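Protein chains in written order, with this note's numbering: chain P, 8 to 200; chain W, -5 to 65; chain S, 334 to 509.
Honestly, the hints are just simulated from the structure, not real lab data. Computed from a predicted model, the values in this text were never measured in an experiment. Wrong hints could be hidden among the right ones.
[Said to hold, decoys possible] Non-contacting residues of chain S with respect to chain P, defined by C-beta distances greater than 12 angstroms in every case (computed):
| no. | residue |
| --- | --- |
| 1 | His341 |
| 2 | Arg345 |
| 3 | Asn490 |
| 4 | Leu493 |
| 5 | Asn494 |
| 6 | Ile502 |
[Said to hold, decoys possible] Stretch-level coverage of chain P by chain S, calculated; a stretch enters the list once three of its residues show a Cβ under 8 angstroms from a Cβ in chain S:
| no. | region |
| --- | --- |
| 7 | 21 to 28 |
| 8 | 31 to 37 |
| 9 | 83 to 89 |
| 10 | 136 to 145 |
| 11 | 161 to 168 |
C-beta: ideal position from N, C-alpha, C; glycine also.
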Amino acid sequence: SSNPQMETWIRTSSLALRTVCLIHIVHSHIYEFTETRGESMLPTLAATNDYVHALKKYKDGKGCKIGDCIVAAKPTDPHQRVCKRITGMPGDIILVDPSMGSEVTHGITRLTDLDEENSSHFNDFIKVPPGHVWVTGDNLSQSLDSRTYNSLPMGLIKGKIVAANDLNEPFWGGDKGNFFGFRKIENAYVEED
Amino acid sequence: MAPPTPIFGKEELSPLLEKIHGPCQLYSLIQNECTYDGQGYICVPFKRLFEECSVGDRTIRVEVTDAHTNK
Amino acid sequence: MVQTVIFHNGLRKLLISISWVPVLMTFNEHVCNVAKIEGSSMRPTLNPNDLTHTDWVLLWKFGAKNAETLKNNDVILFKAPSNPKKVYCKRVKGVQYDSVKTRHPYPKEIVHIPRNHLWVEGDNVYHSIDSNNFGPISTGLVLGKAVRVIWPPSRWNADLNSSTGRGDIGVNGLDV
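When you get a sec, could you build the whole thing from the sequences and use the hints?
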């Protein structure tokens, strides 16, 4: 070409375009390392500076099970991402909100004359519809989840969280894990004896 | 928002539970109730119990958490 | 010697071509691509006669997940709420904060559409599984907006707004 400067410029921007798109495709289809914030997944994920490793093959809920920790688009604000625990799969009959949040949060003891058997905590059931999952934050006291926005369509699931790094922890040898608080995020649903 | 999902009580659940003949297995999932005390978060575990039972050739999962399971 | 040079040139060209694949994918996922329309729920607007042919549409994706860019009577493709592997094509009949009149089998007569949600219906009103079955959908499920029919050529002039299903189903705020 007659203009070497122009040629360099085109080469650089073409390379930049291909690199950015490659990173984007990897992030949306294979793997993403991303920051999380908020108190809703305590104590599994710290409220600040915790970074999660998400696998994208679980996109659209493919292969997801009850007890898995997932990242999804928030139904009422799809540009925002949420991390939650799956606590109900399609067809499951689950309690809308069994947590007793207020008592723990405010340290109030339950009135003894309240009929516990019939309290709505343990008597409001729903059946999770096909193609949806029920999600709740691990911190039931401070989490905006299915208890507010109902079941989550699996089409909004972006991936499964398999591990996390807490950057509040030291580079090596923290409380949570060796390298920057590295630990696996396990499925929380276990068999009882 | 999900499809219209009715909320129902234990009474409406009983006809379904009566159909269960197969063996059941109990599972648990521990979540938490956390509060901030000024210095850090204090989390009290909250255990949720689920029962998986076979009805005919399929398995149904019903949550069985109640007031006594977290004492 | 000449063979090795040709081989290296070929390999180089192949690698350069591969490096453009993510660019193409990103373009298809976020700007536009083509989509095949299945089923009869959008008749007569789309697939007027699917025995002879199926319509292919140009799907505009840029900004399609923004609630503000989607308007009433837009024809959209979205992931089916009841099955994320399926894609539905319906017409937007209500946007966020609107109130619309539903029809059977929706359990309530009037529904208020929450933030970043849409009410969608098929033009073929009685042969359509739509918001009257599954409720308002999150804009996060939207894949794109159908802008025109691109195949078969006989349908190039098809007007996507020739029929709009049940017409205006909005509820005037005062009536509620």
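In rising order, the numbers of the hints this structure does not comply with: none
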